[in-house]
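Colleague: Sequence:
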Amino acid sequence: MPDGREVDQAELLGVAKDEDRARSLLRALRTLSTGPDPKLREMATGVLRGDLTAEQAFTDPEYTAALFSGADKIRRAGERRTDAEAREAGERFGEWQQARRTEDEREDQGEGRGASPSGTDPRRASGEQPAGPWRHSGSGGLGGSRPTGGFGHR
1 MPDGREVDQA ELLGVAKDED RARSLLRALR TLSTGPDPKL REMATGVLRG
51 DLTAEQAFTD PEYTAALFSG ADKIRRAGER RTDAEAREAG ERFGEWQQAR
101 RTEDEREDQG EGRGASPSGT DPRRASGEQP AGPWRHSGSG GLGGSRPTGG
151 FGHR
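For what it's worth, the working numbering labels the leading residue of the sequence shown as 1, then goes sequentially.
FYI, nobody ran anything at the bench for these hints, they're computed from the structure.
On a predicted model such as this, the values are computed, not experimentally measured, just so you know.
Hints are supplied without guarantee of correctness; some may be wrong.
Under the rule of at most 25 Å between Cα atoms (straight-line distance), these lysine to any residue pairs were calculated in the SDA-like manner [said to hold, decoys possible]:
hint, residue 1, residue 2
1, K39, G70
2, K17, Q98
3, K73, D104
4, K73, R106
5, K39, R49
6, K39, E62
7, K73, E95
8, K73, D51
9, K17, F58
10, K17, T82
11, K17, R80
12, K73, G50
13, K17, E6
DEER-style ranges, computed between Cβ atoms [what the hints assert, rightly or not]:
hint, residue 1, residue 2, range
14, G70, D108, 18 to 24 Å
15, R101, S69, 26 to 32 Å
16, R75, G50, 28 to 34 Å
17, A28, G90, 29 to 35 Å
18, T59, T82, 37 to 43 Å
19, E19, R76, 18 to 24 Å
Quick reminder that beta carbons are idealized off the backbone N, C-alpha and C, glycines included.
The whole structure should be built from the sequences, with the hints applied where relevant.
Modeller: Below is the structure:
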């Protein structure tokens, strides 16, 4: 954040309910704050700076519409991919989950985000794209297998 202030996990516990979810929410907000959607960037940046509470952001009609729009795009992309693409994405997702667990362990030991000499995310320092199961997935979207319920056709 430009002024150096960023909320921490503890400030997100009211909406996240536990430390793991608060950590995930903080990561998601960081990702959204640099993403392509201007409304989601605005929302995430506001929450990260402390200008907006998570509760306010998640109940604002414009922000929730932007969130649901993004989720709908992901759902549609998942429906269009082939079984082979779904298996490949599932494998990448498993690798990503393992890398995330390793990163969490480093953060728990005090070697995480704050340990970078430049104060930047070390994954981005080398110019890499954000890590995640969707890397190299083309139009296939997120990893994992196709949903069998919940988000499928009704």
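Colleague: Decide if the proposed pair is consistent with the structure: K39 and R49, CA atoms, cutoff 25 Å inclusive.
Modeller: holds, 15 Å
Colleague: Regarding the pair K73 and D104, is the alpha-carbon distance no greater than 25 Å?
Modeller: Outside the cut-off at roughly 29 Å; violated.
Colleague: Between the beta carbons of E19 and R76, is the distance compatible with 18 to 24 Å?
Modeller: violated, 33 Å
Colleague: Within a Cα-Cα threshold of 25 Å, do K73 and G50 meet the stated pairing?
Modeller: Roughly 29 Å separates the two Cα atoms, so the pair is violated.
Colleague: Under the criterion that the straight-line Cα-Cα distance not exceed 25 Å, is the pair K39, E62 satisfied?
Modeller: holds, 8 Å
Colleague: Holds or violated: K17 with R80, Cα cutoff 25 Å?
Modeller: violated, 34 Å
Colleague: Taken at face value, is the distance from the CA of Q98 to the CA of K17 at most 25 Å?
Modeller: holds, 23 Å
Colleague: Using the beta carbons of R75 and G50, state whether their distance is inside 28 to 34 Å or not.
Modeller: holds, 32 Å
Colleague: I want to verify a distance hint. Is the separation of the beta carbons of G70 and D108 within 18 to 24 Å?
Modeller: With a Cβ separation near 30 Å, G70 and D108 fall outside 18 to 24 Å, so the hint is violated.
Colleague: Checking one constraint from the list: CA of K17 to CA of E6, max 25 Å. Satisfied?
Modeller: Measuring from Cα to Cα gives roughly 19 Å; hence the hint holds.
Colleague: K17 and T82: Cα distance at most 25 Å?
Modeller: violated, 36 Å
Colleague: Taking only the CA atoms, is the gap from K73 to E95 under or equal to 25 Å?
Modeller: This hinted pair holds, its Cα atoms lying about 23 Å apart.
When held up to the earlier numbered hints, the structure conflicts with 3, 4, 8, 10, 11, 12, 14, 17, 19 and fits the remainder.
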